[in-house]
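*Asks:* Heads up: the protein sequence lines correspond to chains B and X, in order. Residues 1 to 34 (our numbering) are what the first sequence spells out, left to right. Residues 1 to 149 (our numbering) are what the second sequence spells out, left to right.
Keep in mind the hints are simulated off the structure, nothing from the lab. Hints should not be assumed to be uniformly reliable.
[As the list claims (entries may be wrong)] A few chain X residues facing chain B, derived, Cβ under 8 Å:
1. Arg19
2. Leu74
3. Val113
4. Ser139
5. Thr140
[To be verified] Heads up, simulated DSS-like pairs for lysine-lysine below, C-alpha to C-alpha not over 25 Å straight-line:
6. X/Lys9 / X/Lys97
7. B/Lys23 / X/Lys117
8. X/Lys9 / X/Lys63
9. X/Lys117 / X/Lys63
10. X/Lys117 / X/Lys144
11. X/Lys63 / B/Lys23
12. X/Lys52 / X/Lys9
13. X/Lys52 / X/Lys117
14. X/Lys117 / X/Lys143
15. X/Lys52 / B/Lys19
16. X/Lys143 / X/Lys97
17. B/Lys23 / X/Lys97
18. B/Lys23 / X/Lys123
19. X/Lys144 / B/Lys23
20. X/Lys144 / X/Lys97
21. X/Lys123 / X/Lys143
22. X/Lys123 / X/Lys144
23. B/Lys19 / X/Lys9
24. X/Lys97 / X/Lys117
Where a beta carbon is used, it is the ideal one built from N, C-alpha and C, also for glycine.
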Amino acid sequence: MSELINWSHDFNRAVETAKSEGKPILLDFSAAPM
Amino acid sequence: MYSQPDVAKFISDRFVPVRVHVKEDAAEFQRLGGLFDAQWTPTTLVLDTGPKERHRVEGFLPKDDFASQLELGLAKAAFSAGRFDEAERVFEDVLRKYPQSDAAPEAQYWAGVSRYKSSNDPKHLSAITERFRTAYADSTWAKKASVWG
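Let the sequences and hints guide you as you build the complete structure.
*Replies:* What follows is the structure, encoded as structure tokens:
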């Protein structure tokens, strides 16, 4: 059900998005089924 | 935790969410796990735009406990950026929404510190101590605040 969240798997791109949108990053290290 | 619609909406609205899977993203897991010292799953980090770590949750938590930690991390990110009014507001949100959570005493402490940082008025430090006399008096955070009493 984690598709409710549009997870990025590109950390570097996420950092750029965080900077441009002024939002913090939620970085989830996971072993859950995908 | 992430399957709860309200938690998912909160994350989508307030964060840039990144997932690194131990198997599906093995190389990235190794790289970022080393960079942020994450050696266990689940490990959930709130990073500022630096990106520097501002809050960490290791292990599973039930929904409300996890949500309170996310909000605590959001407030800490605002605090670290010097946005003390915003930080105080979000710390107070943690207290209002999750008063029974483990995050609440910490939020009460930092809400007061945020108010002090935005005002530079030391009366707000003694107000923190006073507030802990009536709420979360047995917490570690009450001990930390006792210095201003």
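*Asks:* Take the hints in turn and mark each one as holding or not.
*Replies:* Quick rundown of the hints versus the structure:
Interface hint status for X/Arg19: upheld, as the beta-carbon distance to the closest one in chain B is roughly 4 Å, under 8 Å. Because the beta carbon of X/Leu74 sits about 6 Å from the nearest beta carbon in chain B, less than 8 Å, this interface hint is met. A distance limit of 8 Å between C-beta atoms decides the matter here; for X/Val113 the minimum to chain B is near 19 Å, and the interface restraint is violated. Because the smallest distance between the Cβ of X/Ser139 and any Cβ of chain B comes to about 25 Å, over 8 Å, the interface hint for this residue is violated.
At about 25 Å, the closest approach between the beta carbon of X/Thr140 and any beta carbon in chain B exceeds 8 Å, and the interface hint on this residue is violated. At most 25 Å may separate the alpha-carbon atoms for a hinted pair to count; X/Lys9 and X/Lys97 meet this at roughly 16 Å. In summary, the hint linking B/Lys23 to X/Lys117 is supported, as the alpha carbons are separated by about 22 Å, within the 25 Å threshold. Taking the CA atoms of X/Lys9 and X/Lys63, the gap is near 13 Å; set against the 25 Å cutoff, the hint holds.
At roughly 31 Å between alpha-carbon atoms, X/Lys117 and X/Lys63 are farther apart than 25 Å, so this suggested pair is violated. For a cut-off of 25 Å, the pair hint linking X/Lys117 to X/Lys144 stands: about 17 Å separates their Cα positions. Between X/Lys63 and B/Lys23 the alpha-carbon distance is near 22 Å, which keeps this suggested pair within the 25 Å criterion. Of the supplied pair hints, the one linking X/Lys52 and X/Lys9 holds, its CA atoms being roughly 24 Å apart against a limit of 25 Å.
Note on X/Lys52 and X/Lys117: the hinted pairing holds, with a Cα-Cα distance of about 21 Å set against a maximum of 25 Å. Our distance criterion of 25 Å between C-alpha atoms is met by X/Lys117 and X/Lys143, whose separation comes to about 20 Å. This hinted pair checks out: X/Lys52 and B/Lys19 have alpha carbons roughly 12 Å apart, not beyond 25 Å. Between X/Lys143 and X/Lys97 the CA atoms are separated by roughly 23 Å; this keeps the pair inside 25 Å, and the hint holds.
As the CA atoms of B/Lys23 and X/Lys97 are separated by approximately 21 Å, the hinted pair is consistent with the 25 Å bound. For the given pair, B/Lys23 sits about 32 Å from X/Lys123 by alpha-carbon distance, which is inconsistent with the 25 Å threshold. Taking the CA atoms of X/Lys144 and B/Lys23, the gap is about 30 Å. The hint is violated against a cut of 25 Å. Proposed proximity of X/Lys144 and X/Lys97 is supported: the alpha carbons are some 23 Å apart, at most 25 Å.
Proximity of X/Lys123 to X/Lys143 is assessed by CA-CA distance (about 18 Å); at most 25 Å being required, the pair is judged to hold. The straight-line distance between the Cα atoms of X/Lys123 and X/Lys144 is roughly 16 Å, inside the 25 Å bound, and the hint therefore holds. Distance hint between B/Lys19 and X/Lys9 is fulfilled; the C-alpha atoms sit about 20 Å from each other, no more than 25 Å. As the CA atoms of X/Lys97 and X/Lys117 are separated by approximately 24 Å, the hinted pair is consistent with the 25 Å bound.
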